Amino acid sequence: SQQGEEDPQALSIQEGENATMNCSYKTSINNLQWYRQNSGRGLVHLILIRSNEREKHSGRLRVTLDTSKKSSSLLITASRAADTASYFCATDEWMKRSGSNYKLTFGKGTLLTVNP
Amino acid sequence: DAGVIQSPRHEVTEMGQEVTLRCKPISGHNSLFWYRQTMMRGLELLIYFNNNVPIDDSGMPEDRFSAKMPNASFSTLKIQPSEPRDSAVYFCASSFRAGGHADSYEQYFGPGTRLTVT
Chain Z
92 SQQGEEDPQA LSIQEGENAT MNCSYKTSIN NLQWYRQNSG RGLVHLILIR
142 SNEREKHSGR LRVTLDTSKK SSSLLITASR AADTASYFCA TDEWMKRSGS
192 NYKLTFGKGT LLTVNP
Chain H
1379 DAGVIQSPRH EVTEMGQEVT LRCKPISGHN SLFWYRQTMM RGLELLIYFN
1429 NNVPIDDSGM PEDRFSAKMP NASFSTLKIQ PSEPRDSAVY FCASSFRAGG
1479 HADSYEQYFG PGTRLTVT
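These protein sequences, in sequence, are chains Z and H. For the first sequence, this note's numbering gives the first residue as 92, with consecutive numbering after it. For the second sequence, this note's numbering gives the first residue as 1379, with consecutive numbering after it.
Everything labelled a hint here was simulated from the structure, so no lab data went into it. Among the hints, erroneous ones may be present.
In the DMTMM-like style, the derived pairs of lysine to aspartate or glutamate whose C-alpha atoms are separated by at most 20 Å in a straight line are [claimed, not checked]: (1) H:K1446 - H:D1435; (2) H:K1456 - H:D1434; (3) Z:K199 - H:E1422; (4) Z:K161 - Z:E146; (5) Z:K117 - Z:D157; (6) Z:K199 - H:E1484; (7) H:K1402 - H:E1389; (8) Z:K147 - H:E1484; (9) Z:K117 - H:E1422; (10) H:K1446 - H:E1422; (11) Z:K199 - Z:D174; (12) Z:K117 - Z:E96; (13) Z:K199 - Z:E96; (14) Z:K160 - Z:E96; (15) Z:K199 - H:D1464.
This structure is a prediction, so every number in the text was calculated from the model and none was measured.
All chains should be built: construct the whole structure from the sequences, respecting the hints.
Shown next as structure tokens:
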């Protein structure tokens, strides 16, 4: 079942502009992660934000989390052509059977195209 | 440092054949995940191992799919018999999870195996 849903599905911008992608989820979470996937490659972890955090920065990335709205956003500032990729949010899901909340559920991603 | 290694990178097979996908996780990682990615369904978790033990296989589509992790440095995902609807990109990912810590950590993905079943 889909937990995280990214919005928009596709985004096209010019180099130097900022890109904002959103993620909404349905159930309570412990952490939320963002991943990037370049065409034909595996996913690469970008950033993890915990449920008790509201904002986190990493280089040109800024992630916010609003647990009351069950939503997160990923902002990429001063975008570059190399940022062209699909971006996924992943939420952990409580696994009662194993007693671990380690299972990640991924959304379908936002395809970001940065035009030079 | 070598990342997660998967083989083969591409596999084309005929319906009914057995397919075996292989994965070598990052040395020192104790959790391993198999995912399947399609345009229609996105990225789905098939099975998750912790310390070589299968923890959750609820994502395995049906009995035609099986996965093993005989040791900490190797895992296989087998499909027998394969069907055209199994065509997808299969990813293996690994992670290190501290013992007794119920928390999620970043996962490191391999390059994937693109499977085509004709």
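(request) With a cut-off of 20 Å on the C-alpha distance, tell me whether Z:K199 and H:E1484 pass. (result) Roughly 18 Å between the alpha carbons, so the hint for Z:K199 and H:E1484 holds.
(message) Please verify whether Z:K160 and Z:E96 have alpha carbons no more than 20 Å apart.
(response) 13 Å, holds
(request) Would you check the hint for H:K1446 and H:E1422, treating anything up to 20 Å between C-alpha atoms as holding? (result) 18 Å, holds
(message) Can you confirm whether the C-alpha distance between Z:K117 and Z:E96 stays at or below 20 Å?
(response) 9 Å, holds
(message) With the threshold set at 20 Å, check whether the alpha-carbon distance from H:K1402 to H:E1389 stays at or below it.
(response) 17 Å, holds
(request) For the pair we were handed, Z:K117 and H:E1422, check the Cα-Cα distance against 20 Å. (result) Within the cut-off at roughly 17 Å; holds.
(message) Hint check: H:K1446 vs H:D1435, CA-CA at most 20 Å. Holds or violated?
(response) Judged against 20 Å, a Cα distance of about 11 Å means the pair holds.
(request) Compare the distance between the alpha carbons of Z:K199 and H:E1422 with 20 Å, and conclude whether the hinted pair is satisfied. (result) 10 Å, holds
(message) Just to be careful, I want the Cα atoms of Z:K117 and Z:D157 compared with a cutoff of 20 Å; is the pair within it?
(response) At roughly 12 Å apart (the allowed maximum being 20 Å), Z:D157 and Z:K117 satisfy the hint.
(message) Run the distance test for Z:K147 versus H:E1484: straight-line Cα separation, threshold 20 Å.
(response) 15 Å, holds
(message) Please verify whether Z:K199 and H:D1464 have alpha carbons no more than 20 Å apart.
(response) It holds: about 19 Å lies between the C-alpha atoms, which stays within 20 Å.
(request) Please work out if Z:K199 and Z:D174 have their alpha carbons no farther apart than 20 Å. (result) 18 Å, holds
Every hint, counting from the list given before, is met by this structure.
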